[in-house]
Amino acid sequence: MDEQHHMPPETMMRYMHDSDHTVKNLGFNDLGQQRLSNGNSQEFLFHSDRGGAGPNPDRAFDKGFVRVGPEDMTNDALYQPDEMASQGSEDWPGIEGFQIIGDATPGEKLLGCGFPVRGTTLCVFQWVRHLQDGTRQYIEGATNPEYVVTADDVDKLIAVECIPMDDQGRQGELVRLFANDQNKIKCDPEMQNEIDLFISSGQAIFTVLLLKVTNT
Numbered sequence: 003m004d005e006q007h008h009m010p011p012e013t014m015m016r017y018m019h020d021s022d023h024t025v026k027n028l029g030f031n032d033l034g035q036q037r038l039s040n041g042n043s044q045e046f047l048f049h050s051d052r053g054g055a056g057p058n059p060d061r062a063f064d065k066g067f068v069r070v071g072p073e074d075m076t077n078d079a080l081y082q083p084d085e086m087a088s089q090g091s092e093d094w095p096g097i098e099g100f101q102i103i104g105d106a107t108p109g110e111k112l113l114g115c116g117f118p119v120r121g122t123t124l125c126v127f128q129w130v131r132h133l134q135d136g137t138r139q140y141i142e143g144a145t146n147p148e149y150v151v152t153a154d155d156v157d158k159l160i161a162v163e164c165i166p167m168d169d170q171g172r173q174g175e176l177v178r179l180f181a182n183d184q185n186k187i188k189c190d191p192e193m194q195n196e197i198d199l200f201i202s203s204g205q206a207i208f209t210v211l212l213l214k215v216t217n218t
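If you read the sequence shown in the numbering used here, its first letter stands for residue 3, the second for the next number, and so on.
It is worth saying that the hints were derived from the structure and are not from the lab.
Here the structure is a predicted model, which is why all the values come from computation and not from measurement.
Please note that the accuracy of each hint is not assured.
Below, a list of computed lysine-lysine pairs in the BS3-like style, where the Cα atoms sit at most 30 Å apart [what the hints assert, rightly or not]:
{"hint": "1", "residue 1": "Lys186", "residue 2": "Lys111"}
{"hint": "2", "residue 1": "Lys186", "residue 2": "Lys158"}
{"hint": "3", "residue 1": "Lys214", "residue 2": "Lys158"}
{"hint": "4", "residue 1": "Lys111", "residue 2": "Lys188"}
{"hint": "5", "residue 1": "Lys188", "residue 2": "Lys158"}
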């Protein structure tokens with residue numbers, strides 16, 4: 003799926019404050035699980051309160067579910083095969099128009115968003131690094147729609163994975179999208195120039211300021 007940048011993020015995702023009564027009634031407040039409003043099925047919700055109890059947000063990824071659909075869901079999933087056999091793939095939760103918004107350079111923020119369809123009320127997010135040897139590395143703690151690119155991402159491909167779910171706990175097909183048009187993350191020119199200068203000189207000198215706090 004190609005990365006798109008034409009659709010304003012405010013029309014696809016909005017953030018709810020802790021005071022909003024809609025969010026307070028949600029049953030999934032952990033990292034990585036984004037509950038959708040019953041009143042507006044066209045918007046993702048992001049809940050900043052992560053102290054509530056709920057299912058493990060990374061469970062789908064911990065179990066290795068890459069594609070969870072009628073044809074390949076395992077017994078570890080929430081539904082048994084005989085129940086899924088009667089379900090058409092077009093009836094399962096899904097995300098349409100999935101895209102990444104933002105500049106994929108160190109220090110900048112990326113946002114994964116899209117339109118929930120077919121009863122999707124919950125989304126599980128996970129940002130992933132794709133290394134040069136072909137292996138994948140799940141980024142620790144990166145289980146929200148938003149992700150800030152770090153120096154660890156330089157010279158690597160990064161992608162966001164999203165598993166849509168509905169109120170019955172059914173998991174739709176995993177959606178994966180690469181940032182930066184599936185190109186490696188690069189430093190900005192100024193930072194890269196400084197790095198090249200340090201490498202060519204063989205040494206680097208930095209000034210460090212130490213803040214000392216004394217109790218009086």
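These are the hints, each one checked on the structure:
1. Lys186 to Lys111: 16 Å, holds
2. Lys186 to Lys158: Between Lys186 and Lys158 the Cα gap is close to 5 Å, so the pair holds against 30 Å.
3. Lys214 to Lys158: 38 Å, violated
4. Lys111 to Lys188: OK: Lys111 and Lys188 at ~14 Å, within 30 Å.
5. Lys188 to Lys158: 8 Å, holds
Checked against the numbered hints above, the structure violates only hint 3.
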